[in-house]
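Construct the entire structure; sequences and hints are all you get.
Residue numbers (the numbering used here), protein chains in the order written: chain A, 1 to 217; chain B, 1 to 262.
Treat each hint with caution, since some may be false.
If the Cβ cut is set under 8 Å, some of the chain A residues that face chain B in the computed set are [what the hints assert, rightly or not]:
| id | residue |
| --- | --- |
| 1 | 16 |
| 2 | 17 |
| 3 | 18 |
| 4 | 60 |
| 5 | 88 |
| 6 | 96 |
| 7 | 100 |
| 8 | 105 |
| 9 | 108 |
| 10 | 112 |
| 11 | 136 |
| 12 | 143 |
| 13 | 177 |
To be clear, the hints were calculated from the coordinates, so they are not data collected in a lab. It should be emphasised that the depicted structure is a prediction, and the values quoted were computed from it without experimental measurement. For each residue, glycine too, the CB sits at the ideal point set by N, CA and C.
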Amino acid sequence: MDASTLTLHVRKNGAGVGRLDVMQMLSGVLLIVFLWAHLMLVSSVLISPKLMNAIAWFFETTYMAQVGGPLIGLLIFAHFLLAARKMPWRAQETNAFVKHSVMMHHKDTWLWLAQVGTALLILVMAATHMWVVLTDLPITAAKSAARIQSGTWLPFYLILLPLAEIHVGIGFYRIGVKYGYITKANRKWYQRLENYMMGGFITIGLLTLIRFLFLTV
Amino acid sequence: MSRRLHIEVFRYNPLDPNSEPHMQSFYVNEYDSMTLFIALNIIRDEQDPTLQFDFCCRAGICGSCGMVINGRPGLACHTQTRDLPDHIVLHPLPVFKLIGDLSVDTGTWFRDAGARIEAWVHNDHEQFDPKAEEVRMENDLANEIFELDRCIECGCCVSACGTARMREDFLGATSIARVARFYLDPRDERNEENYYQVIGNDQGVFGCMGLLGCEDVCPKHIPLQDQLGIMRRMLAIHSVKGILPKRVLEKLQHKGCCHESH
Ligand code: HEM
Ligand code: SF4
Ligand code: SF4
Ligand code: FES
Numbered sequence: 001m002d003a004s005t006l007t008l009h010v011r012k013n014g015a016g017v018g019r020l021d022v023m024q025m026l027s028g029v030l031l032i033v034f035l036w037a038h039l040m041l042v043s044s045v046l047i048s049p050k051l052m053n054a055i056a057w058f059f060e061t062t063y064m065a066q067v068g069g070p071l072i073g074l075l076i077f078a079h080f081l082l083a084a085r086k087m088p089w090r091a092q093e094t095n096a097f098v099k100h101s102v103m104m105h106h107k108d109t110w111l112w113l114a115q116v117g118t119a120l121l122i123l124v125m126a127a128t129h130m131w132v133v134l135t136d137l138p139i140t141a142a143k144s145a146a147r148i149q150s151g152t153w154l155p156f157y158l159i160l161l162p163l164a165e166i167h168v169g170i171g172f173y174r175i176g177v178k179y180g181y182i183t184k185a186n187r188k189w190y191q192r193l194e195n196y197m198m199g200g201f202i203t204i205g206l207l208t209l210i211r212f213l214f215l216t217v
Numbered sequence: 001m002s003r004r005l006h007i008e009v010f011r012y013n014p015l016d017p018n019s020e021p022h023m024q025s026f027y028v029n030e031y032d033s034m035t036l037f038i039a040l041n042i043i044r045d046e047q048d049p050t051l052q053f054d055f056c057c058r059a060g061i062c063g064s065c066g067m068v069i070n071g072r073p074g075l076a077c078h079t080q081t082r083d084l085p086d087h088i089v090l091h092p093l094p095v096f097k098l099i100g101d102l103s104v105d106t107g108t109w110f111r112d113a114g115a116r117i118e119a120w121v122h123n124d125h126e127q128f129d130p131k132a133e134e135v136r137m138e139n140d141l142a143n144e145i146f147e148l149d150r151c152i153e154c155g156c157c158v159s160a161c162g163t164a165r166m167r168e169d170f171l172g173a174t175s176i177a178r179v180a181r182f183y184l185d186p187r188d189e190r191n192e193e194n195y196y197q198v199i200g201n202d203q204g205v206f207g208c209m210g211l212l213g214c215e216d217v218c219p220k221h222i223p224l225q226d227q228l229g230i231m232r233r234m235l236a237i238h239s240v241k242g243i244l245p246k247r248v249l250e251k252l253q254h255k256g257c258c259h260e261s262h
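Next comes the structure, spelled out in structure tokens:
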């Protein structure tokens, strides 16, 4: 403990916003990795429902789903808290940013608005999705198919899938820019990579949903 | 074939209580290699002497003619009308205080930013000896410093920055590149913590959201994107020193960074 513990008049060396920024970046990177892993696991149904069941069984007998699920929930919540520091919560800020985006007709500027917009929907939808899946373990291809064939869940996933992929794709690109890995020299290349990745993941996700829709249960 | 340009200009005089902000149209015949600087002067000379806008060098050196040209901040003297459509819409740069019409006060903003980042060489020397020979510097390093010193403080990058428009106290890419210039300069003896104290916050590197409006409009092509990345990474690593193991930090530090050699 020193004077900086008690008063804002004394700064602590190094501490502060930098650490929050690193944590925001790490939460983002972990979520990117999670989302890709998640997509791979679920899309295993494309190869065979048996494979998907086996993977789900593995994650449940090792308690990875029961423990990991809520941990991912916490990670999303922590990410929300950290990233929300940047969101334009004041009407005046939103107003300024929207006017700015319209004025500039500049893609990267619009991307940020897309990220903020998708974020709010994901906050509600990801929570709903996690609740539904984790309160109804075990995960099986048949149960997932039944949910999607029940009607209401199909549009839900058709919305959540692109929202999540867009949010994460933009996040990937912007982490690279902010931390200097994406430079002037390779920016174009990464922009293309980002588009391919978003397109690719949305396609795999759609194929998976279609497979569930026509899976006989 | 020469075109007849339709130039629409934002008009408002904040000092005149009767003045209402509005757009006014002017028409000018285009000729070869005409710049917006020339077009605006023709308008002021021949059509409306009350039109306010700033110029000095008309060669992209003084930084006074920044304005929003069809939505993008840029230098009027640096912009050829043939690169624009027939219909040109001009606004004053946002963020800065409006003096009138297209004229804004960038000076006050830059002076304040310069004071906040302490844009001067810091050292602990007892005294300055004006007669001593100047300390020598490698040519490559001098060039690297000069590359960042080329900023003409036109303010375009600040006006193009979504963060700066939302948050008045954001220092903008120009200030961060300016700190990067001192970071490169061996005569500035500030350490990482000293730099962290001036830009290691939401007003500095961590406020930047990587939208790259700045990079895409800077008329002098200052390498803003790369410098923002270098400074943010350096200061982020500084903030987690003692938390992450040294070896990991060193590895992160030495990647794609042009500050390696010194
Ligand atoms: C729960 C609701 C969520 C909210 C409110 C939210 C909000 C945000 C916001 C506002 C940003 C931009 C931050 C900035 O401009 O610096 C962001 C970035 C990001 N988000 Fe989210 N997000 C949410 C969920 C997610 C999820 C579920 C994932 C991945 C599965 C994710 C991945 C990312 C990534 C990778 C970034 C880039 C990180 C960065 O810029 O540091 N987000 N998020
Ligand atoms: S960095 Fe570029 S756009 Fe910004 S003030 Fe300097 S010259 Fe102008
Ligand atoms: S990259 Fe940073 S400084 Fe440049 S326009 Fe974007 S938010 Fe502003
Ligand atoms: S008049 Fe000096 S930069 Fe345009």
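Against the structure, the hints come out as follows:
1. 16: Hint on residue 16 of chain A: holds, closest Cβ of chain B at ~7 Å, below 8 Å.
2. 17: Cβ of residue 17 of chain A sits 5 Å from chain B, so the hint holds.
3. 18: Status holds, d = 3 Å.
4. 60: Cβ of residue 60 of chain A sits 34 Å from chain B, so the hint is violated.
5. 88: 6 Å, holds
6. 96: Where the cut-off is 8 Å and the nearest Cβ of chain B is about 5 Å from residue 96 of chain A, the hint holds.
7. 100: Hint on residue 100 of chain A: holds, closest Cβ of chain B at ~5 Å, below 8 Å.
8. 105: 5 Å, holds
9. 108: 5 Å, holds
10. 112: 5 Å, holds
11. 136: 38 Å, violated
12. 143: 41 Å, violated
13. 177: 4 Å, holds
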